[in-house]
Amino acid sequence: MEKFESQIFRFSSGVVVDLNENKLIAKADNGSTSIDAKNIDNVKYIKFTQPRLSVIGMITRTLIGGCLLALFIDLIFVNDEWGAIFFDASIKDIFFGWLAIIIFVGSFLLAGFIWFVFVFDAFLETGLYEKFILRFFADRGYAVTIGNKSGNNASLFAMESDLPKLKKLETAISDLKHFLENKQPLPQQSIVTPTPEQNIKPSSTTQLDDLKKLGDLYQSGILTKEEFEKKKVELLNQ
Numbered sequence: 003m004e005k006f007e008s009q010i011f012r013f014s015s016g017v018v019v020d021l022n023e024n025k026l027i028a029k030a031d032n033g034s035t036s037i038d039a040k041n042i043d044n045v046k047y048i049k050f051t052q053p054r055l056s057v058i059g060m061i062t063r064t065l066i067g068g069c070l071l072a073l074f075i076d077l078i079f080v081n082d083e084w085g086a087i088f089f090d091a092s093i094k095d096i097f098f099g100w101l102a103i104i105i106f107v108g109s110f111l112l113a114g115f116i117w118f119v120f121v122f123d124a125f126l127e128t129g130l131y132e133k134f135i136l137r138f139f140a141d142r143g144y145a146v147t148i149g150n151k152s153g154n155n156a157s158l159f160a161m162e163s164d165l166p167k168l169k170k171l172e173t174a175i176s177d178l179k180h181f182l183e184n185k186q187p188l189p190q191q192s193i194v195t196p197t198p199e200q201n202i203k204p205s206s207t208t209q210l211d212d213l214k215k216l217g218d219l220y221q222s223g224i225l226t227k228e229e230f231e232k233k234k235v236e237l238l239n240q
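So the numbering used here is basically just the index in the sequence shown, starting at one, shifted up by 2.
The hints are simulated quantities; they were obtained by calculation from the structure and are not laboratory data. Honestly, I wouldn't trust all of these hints.
[Unchecked claim] Straight-line distance between alpha carbons at most 20 Å, and here's what the computed SDA-like set of lysine to any residue pairs gives: (1) 185 - 169; (2) 214 - 226; (3) 46 - 9; (4) 215 - 232; (5) 5 - 232; (6) 169 - 133; (7) 46 - 144; (8) 29 - 11.
Note that the structure is predicted; figures quoted are calculated from it, not measured.
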């Protein structure tokens with residue numbers, strides 16, 4: 003693999019993971035986590051179910067929703083409320099008037115029933131209420147942990163439908179680790195600073211021999227000093 007292509011993974015939970023050959027960045031609404039590429043470890047994820055509605059929340063929604071729906075029906079479709087209650091109005095007013103009453107009272111009865119079931123279930127420890135909440139009012143997905151060899155792992159939450167993206171992220175991280183393990187560092191070129199001796203033009207072997215012979219002639223008195231210096235300059239300039 004000559005080059006690792008950067009990849010971005012967007013999960014339904016709002017988490018965005020940016021992976022390149024330098025680092026991994028996981029961004030969420032509550033912040034972001036960064037891991038250097040060389041420190042990325044394996045990806046681990048487990049199934050995760052998180053209730054998003056408590057018993058108080060369910061009762062509150064039941065009451066508010068029922069009351070608002072009953073008020074809406076009464077204001078839009080009923081012209082004579084009291085006549086509708088005592089069946090002394092048009093059929094339309096009577097029908098919608100009593101429908102609003104039934105919804106209003108029914109919301110309180112349903113809220114009371116929910117509370118009763120919760121208390122009954124908690125007393126007998128059957129777990130039925132919890133199963134009901136987890137079945138209809140819960141977020142299902144995966145708790146994901148991206149390991150960091152230096153600590154500070156990246157943790158994120160992905161929805162159940164994001165499993166294919168998690169598989170691709172896991173493969174991409176494996177490819178990145180393989181790329182970094184097989185990436186060959188560029189050879190470092192050393193810069194050599196020439197020494198003063200290296201700046202001197204080297205003499206050939208023949209030239210050195212001629213200089214030695216010239217020195218011998220000077221030492222033996224055959225050449226004068228002026229002749230020796232002249233010949234030496236001529237040899238060095240060749």
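Contradicted hints - numbers only: Violated hints (numbers, rising): 1, 5, 6; every other hint is consistent with the structure.
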